[in-house]
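Engineer: Read off the chains here:
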Amino acid sequence: DAKTTQPNSMESNEEEPVHLPCNHSTISGTDYIHWYRQLPSQGPEYVIHGLTSNVNNRMASLAIAEDRKSSTLILHRATLRDAAVYYCIGNRDKIIFGKGTRLHILP
Amino acid sequence: EADIYQTPRYLVIGTGKKITLECSQTMGHDKMYWYQQDPGMELHLIHYSYGVNSTEKGDLSSESTVSRIRTEHFPLTLESARPSHTSQYLCASSESGQGGTEAFFGQGTRLTVV
Numbered sequence: 002d003a004k005t006t007q008p009n010s011m012e013s014n015e016e017e018p019v020h021l022p023c024n025h026s027t028i029s030g031t032d033y034i035h036w037y038r039q040l041p042s043q044g045p046e047y048v049i050h051g052l053t054s055n056v057n058n059r060m061a062s063l064a065i066a067e068d069r070k071s072s073t074l075i076l077h078r079a080t081l082r083d084a085a086v087y088y089c090i091g092n093r094d095k096i097i098f099g100k101g102t103r104l105h106i107l108p
Numbered sequence: 025e026a027d028i029y030q031t032p033r034y035l036v037i038g039t040g041k042k043i044t045l046e047c048s049q050t051m052g053h054d055k056m057y058w059y060q061q062d063p064g065m066e067l068h069l070i071h072y073s074y075g076v077n078s079t080e081k082g083d084l085s086s087e088s089t090v091s092r093i094r095t096e097h098f099p100l101t102l103e104s105a106r107p108s109h110t111s112q113y114l115c116a117s118s119e120s121g122q123g124g125t126e127a128f129f130g131q132g133t134r135l136t137v138v
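Sequence lines, in order, name chains A and B.
Per the working numbering, the first sequence starts with residue 2, numbered consecutively.
Per the working numbering, the second sequence starts with residue 25, numbered consecutively.
No lab work stands behind these hints, which were simulated from the structure alone.
Check before you lean on any hint, since a few could be wrong.
[Stated by the list, open to error] Taking lysine-lysine and the DSSO-like style, the derived pairs with C-alpha atoms no more than 30 Å apart in a straight line are: (1) Lys42/B - Lys95/A; (2) Lys100/A - Lys4/A; (3) Lys70/A - Lys41/B; (4) Lys4/A - Lys42/B.
Using the sequences and the hints, build the whole thing.
Structural biologist: What follows is the structure in structure tokens.
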């Protein structure tokens, strides 16, 4: 499972796009890149995952660098409900969480 | 809506008591996990299971034990609770596979040992 590095915190204005970066330089060719988020006082929830290609779903987009050593989670239009801790995880087996990025949304 | 349930949601118990935290999922998932999380801190994996009769310790050492006798059930037990066990415990499950599957989390059990 890959070690990941994320900024401790980020701020964004409401209704603007947010780009959350993640470095995973030790990722192996079979490690998937997962993103989860944890809202205050709740358990984590799945956001998106991918292996090599960029991925889109109703919550977000995941842009994966060509060398797979980094990725970016994109929230296209942040709302106050998106304020949470976002975790980037590189895994093939167990799900190991790091410290994540605490995202603050300014009204 | 995730079909994974933890009970109780909150538990306050005295030192030295034996406790079991329940976790059940109705999705037929083979993989199940227990995490421990202190307020404002990261989640630490303490136990996981690949399927029935399979349990392994996670990255954070824990005095708790787990069992997996049925696919849907993954209880966590503390034989003698101590104040240092006060924390939130989160259970999760996912399908088997080479990492490309989504994990579902329960709402957690907030344990306080007095």
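Engineer: Run every hint past the structure and note whether it holds.
Structural biologist: Cross-check of the supplied hints:
1. Restraint check for Lys42/B and Lys95/A: the C-alpha separation of about 28 Å stays at or below 30 Å, so the hint holds.
2. A distance of roughly 11 Å separates the Cα atoms of Lys100/A and Lys4/A; the hinted pair therefore holds under the 30 Å criterion.
3. Between the alpha carbons of Lys70/A and Lys41/B the distance comes to roughly 47 Å, so the proposed pair goes past 30 Å and is violated.
4. Distance restraint check for Lys4/A and Lys42/B: the Cα-Cα separation of roughly 36 Å exceeds the 30 Å cut-off, and the hinted pair is therefore not satisfied.
Comparing the model with each numbered hint stated earlier shows that hints 3, 4 do not hold.
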